[in-house]
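J.: These protein sequence lines map, in sequence, to chains A and B. Position one of the first sequence corresponds to residue 9 (our numbering), numbered consecutively onward. Position one of the second sequence corresponds to residue 9 (our numbering), numbered consecutively onward.
Read the hints as simulated data drawn from the structure, not as lab findings. Do not rely on the hints blindly, as some may be mistaken.
[As the list claims (entries may be wrong)] Short derived list, chain B residues pointing at chain A, Cβ under 8 angstroms:
(1) 13
(2) 15
(3) 20
(4) 80
(5) 95
(6) 151
(7) 385
Note that CB positions come from ideal geometry on N, CA and C, so glycine has one too.
Number of protein chains: 2
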Amino acid sequence: MAQKPSIPKGTRDFGPVEMARRNYIFDTIRSVFNLYGYSQIETPAMENLSTLMGKYGEEGDKLLFKILNSGDYLRGIDMGLVENGDYVKLTPQISEKGLRYDLTVPFARFVVQHRNELQMPFKRFQIQPVWRADRPQKGRYREFYQCDADVVGSDSLINEIELLQLIDDVFTRLGIRITIKLNNRKVLSGIAELIGAPEKITDITVAIDKIDKIGIEAVNAELLERGITSDAIAVLQPVITMQGSTAERLAELRRVLASSETGIKGVDELQEVIDGVNLLGLEAELELDVSLARGLNYYTGTIIEVKARDVAIGSITGGGRYDNLTGVFGMPGLSGVGISFGADRIYDVLNALDLYPSSAAAGTQVMFTNFGSSEAAAAMKMLKVVRSAGIRAEIYPDAAKMKKQMGRADALAIPYVAIVGESEMAEGKLTLKNMTTGEQQLLSVEEAIATIGQ
Amino acid sequence: MAQKPSIPKGTRDFGPVEMARRNYIFDTIRSVFNLYGYSQIETPAMENLSTLMGKYGEEGDKLLFKILNSGDYLRGIDMGLVENGDYVKLTPQISEKGLRYDLTVPFARFVVQHRNELQMPFKRFQIQPVWRADRPQKGRYREFYQCDADVVGSDSLINEIELLQLIDDVFTRLGIRITIKLNNRKVLSGIAELIGAPEKITDITVAIDKIDKIGIEAVNAELLERGITSDAIAVLQPVITMQGSTAERLAELRRVLASSETGIKGVDELQEVIDGVNLLGLEAELELDVSLARGLNYYTGTIIEVKARDVAIGSITGGGRYDNLTGVFGMPGLSGVGISFGADRIYDVLNALDLYPSSAAAGTQVMFTNFGSSEAAAAMKMLKVVRSAGIRAEIYPDAAKMKKQMGRADALAIPYVAIVGESEMAEGKLTLKNMTTGEQQLLSVEEAIATIGQ
Numbered sequence: 009m010a011q012k013p014s015i016p017k018g019t020r021d022f023g024p025v026e027m028a029r030r031n032y033i034f035d036t037i038r039s040v041f042n043l044y045g046y047s048q049i050e051t052p053a054m055e056n057l058s059t060l061m062g063k064y065g066e067e068g069d070k071l072l073f074k075i076l077n078s079g080d081y082l083r084g085i086d087m088g089l090v091e092n093g094d095y096v097k098l099t100p101q102i103s104e105k106g107l108r109y110d111l112t113v114p115f116a117r118f119v120v121q122h123r124n125e126l127q128m129p130f131k132r133f134q135i136q137p138v139w140r141a142d143r144p145q146k147g148r149y150r151e152f153y154q155c156d157a158d159v160v161g162s163d164s165l166i167n168e169i170e171l172l173q174l175i176d177d178v179f180t181r182l183g184i185r186i187t188i189k190l191n192n193r194k195v196l197s198g199i200a201e202l203i204g205a206p207e208k209i210t211d212i213t214v215a216i217d218k219i220d221k222i223g224i225e226a227v228n229a230e231l232l233e234r235g236i237t238s239d240a241i242a243v244l245q246p247v248i249t250m251q252g253s254t255a256e257r258l259a260e261l262r263r264v265l266a267s268s269e270t271g272i273k274g275v276d277e278l279q280e281v282i283d284g285v286n287l288l289g290l291e292a293e294l295e296l297d298v299s300l301a302r303g304l305n306y307y308t309g310t311i312i313e314v315k316a317r318d319v320a321i322g323s324i325t326g327g328g329r330y331d332n333l334t335g336v337f338g339m340p341g342l343s344g345v346g347i348s349f350g351a352d353r354i355y356d357v358l359n360a361l362d363l364y365p366s367s368a369a370a371g372t373q374v375m376f377t378n379f380g381s382s383e384a385a386a387a388m389k390m391l392k393v394v395r396s397a398g399i400r401a402e403i404y405p406d407a408a409k410m411k412k413q414m415g416r417a418d419a420l421a422i423p424y425v426a427i428v429g430e431s432e433m434a435e436g437k438l439t440l441k442n443m444t445t446g447e448q449q450l451l452s453v454e455e456a457i458a459t460i461g462q
Numbered sequence: 009m010a011q012k013p014s015i016p017k018g019t020r021d022f023g024p025v026e027m028a029r030r031n032y033i034f035d036t037i038r039s040v041f042n043l044y045g046y047s048q049i050e051t052p053a054m055e056n057l058s059t060l061m062g063k064y065g066e067e068g069d070k071l072l073f074k075i076l077n078s079g080d081y082l083r084g085i086d087m088g089l090v091e092n093g094d095y096v097k098l099t100p101q102i103s104e105k106g107l108r109y110d111l112t113v114p115f116a117r118f119v120v121q122h123r124n125e126l127q128m129p130f131k132r133f134q135i136q137p138v139w140r141a142d143r144p145q146k147g148r149y150r151e152f153y154q155c156d157a158d159v160v161g162s163d164s165l166i167n168e169i170e171l172l173q174l175i176d177d178v179f180t181r182l183g184i185r186i187t188i189k190l191n192n193r194k195v196l197s198g199i200a201e202l203i204g205a206p207e208k209i210t211d212i213t214v215a216i217d218k219i220d221k222i223g224i225e226a227v228n229a230e231l232l233e234r235g236i237t238s239d240a241i242a243v244l245q246p247v248i249t250m251q252g253s254t255a256e257r258l259a260e261l262r263r264v265l266a267s268s269e270t271g272i273k274g275v276d277e278l279q280e281v282i283d284g285v286n287l288l289g290l291e292a293e294l295e296l297d298v299s300l301a302r303g304l305n306y307y308t309g310t311i312i313e314v315k316a317r318d319v320a321i322g323s324i325t326g327g328g329r330y331d332n333l334t335g336v337f338g339m340p341g342l343s344g345v346g347i348s349f350g351a352d353r354i355y356d357v358l359n360a361l362d363l364y365p366s367s368a369a370a371g372t373q374v375m376f377t378n379f380g381s382s383e384a385a386a387a388m389k390m391l392k393v394v395r396s397a398g399i400r401a402e403i404y405p406d407a408a409k410m411k412k413q414m415g416r417a418d419a420l421a422i423p424y425v426a427i428v429g430e431s432e433m434a435e436g437k438l439t440l441k442n443m444t445t446g447e448q449q450l451l452s453v454e455e456a457i458a459t460i461g462q
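Produce the entire structure from the sequences given, and follow the hints as far as they go.
T.: Below, the structure is given as structure tokens:
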């Protein structure tokens, strides 16, 4: 019975060209992670639901993909729950595993489970897919890769400085010009202290973020509308309208936050990180941005966000420092700092700017023709030599018509075709056709290798 | 609330050392796949259950991990099924997706779904985890990687020859000595024809397989017990006791199977593949083995199995030719040939033989000490130079006691420590300590790079 096959909504197949490009991105990031002393780990796709539930809020619990227990999952269930349609309470009775939702919770679980084997500070990276039962839409998938590096067990700001260098290194290698935005949670806490309304911090950052678009009058109006007092808004003015260099902004923040111990701690931390990074030099543009408030409930110090300078797209990397990664698993007080590369958006940026180097292609470099069994045998001997020189090569497996064979090379954008017919065999050579220029040359295998490998 | 964290049974965490080794294996296989013109694809972890069900037999259906529908999965279900405890019939009402069970069915689905974009013959490889709700036991996991290459849309035996070379190339690079066992489904069909009992073919291959262990008398007794007639057993004798070189075995098979058109076709195919491979030369030992019967219900031509010669472990790679990959999805008659590398067993073999090259380690090569902020700043400048030379390096993030810092390098088997203290700073140099020999040298950064990179 024929079925029309499809894949679940929100998921994707990756074909050869996409895969070669994705591998280029992941290989680049992986090699830089290694260069900075981060070690790769992998955790299972499935975690116990007890590990995952309650870690992402009520909404997150709903978005977890849950795996039906194997065998007779109906045995022993509470029938009342079924009759009342109470699927939320029934779920834990018929499902005890779920697919990982991010890499952070599995990492926390890993650290606690293996704490006796780990050397602190522990620097790990992880590149694996995660799954979320979100409503699919453009750029949002139900299966996507995350690409995280974290160091836990050290409070030193050297870790922040190193991660900023690492980010700079990755995007320099990829050829993407970036702006790294920096903030510190303690600065935001200081601002909240200052105006005596800690619960309004999100409203404030949202409003400040609009200053360039709507101007100071509109921002002040919005703040008032969001319930910030006129007095508080007056106090906030220097923060909202902050201009100038990073050094000038730091000085201004230090002045405004002088009365807040937490706020000044945040300014000190920012200063140390920025000085450290500047001492070493960065390709990226570094920008102090007090409106940056990502991961507000989670981050406790440095907050990092990266934007591409030449493509209008959201954040392509983000991260920050946290205080208590593993408390929920019974191991309190473990702090760390981490970053996460957004592979899908980086892919889009590289496509938009057409930045893939030719080495990012993993396709066949030369295709040998097949004119019958004796020609094919001769071609296969040459093919072996070509491959041992590291050139990706194939032979057309059937003695099909020349046109069909050339058509394959064309369709797959294979740059060279090696023609081995009777006359070539007689000379122990091949005719190498450059598929871009159409030029043909009678060459020895060694000469062909040199030409293709150029 | 503290939970004691664990992972679902049958799944694994991979730590830094295991990951570096697994990456070495996957990178090696991936680069050889590319070298032979195979292109990588990836498919989603989740497939529609309609794609997966019925493809692996009744037992396989049970072993699929099924994903509970999101939201109110109880709405509209048939309550009678719940009351009767008929979980098998209930499952499709509350679950429409499952985790992929192997890479073959998703590949078939991919080929049909994307048929208009694909160039035939289509040579693809795929390295991804699969999930099976099998009872976990030693060496059998509920999540494990498969590593498959297939070419579809070509009947040419050149594909078989190329895949055998590819296998040879992979294991030569890994340093594993192997025996490749070859058989052909048509030879087995010929034998079945010969004795007039096609349904007994599995019994026959199982018995033949024991010849070396239990001897001809016991094999014949077992065949009789399994319901093969004495006459048939007599006819089978030359096949069971077949000895000598591959050429001699082929000649013997050709004689015995002379009356079976199918059998002779199988011998011809074996001959062509073996001749083709021998012409090109293999590192591996090639063995014609008529007892080889893997994938009997699936393979229609060549059957391939690879064993490690220096470690007693099951098959480490296998594959064969099939006739009808995509028929079940409404695209009949697509034949192909494929192989699958057993990554977990290859990992075990490399461990047993201690065959990992030092380049397979991805860990830090040199750790810089941290004696305080000014020393750390000096160290970080050197660190940047070291990294840009491609050396994996880190700095101890905190100004901890020397003993603690050295302890980290020891525990992580970091081969070099770069000590940057006051005296080194004064000279603009570092003291490089070889952690294996204990030797220390005062060196410039460039000299240190040369030493570490050796």
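J.: Indicate, hint by hint, whether the structure satisfies it.
T.: Okay, the hints, checked on the actual structure:
For the restraint placing residue 13 of chain B at the interface with chain A, the shortest Cβ-Cβ distance is roughly 4 angstroms, inside the 8 angstroms limit, so the hint holds. Hint status for residue 15 of chain B: holds, given a least beta-carbon distance of 5 angstroms to chain A, under 8 angstroms. The beta carbon of residue 20 of chain B is positioned within 8 angstroms of a beta carbon in chain A (closest approach about 7 angstroms), and the interface hint is therefore held. Among the interface hints, the one on residue 80 of chain B holds; its C-beta lies about 5 angstroms from the nearest C-beta in chain A, closer than the 8 angstroms criterion.
Evaluation of the residue 95 of chain B hint against chain A yields a held restraint, the C-beta minimum of about 5 angstroms falling below 8 angstroms. At its closest, the beta carbon of residue 151 of chain B sits 5 angstroms from a beta carbon of chain A; the interface hint therefore holds under the 8 angstroms criterion. Hint status for residue 385 of chain B: holds, given a least beta-carbon distance of 6 angstroms to chain A, under 8 angstroms.
Figure legend: structure checked against the earlier numbered hints; every hint is met.
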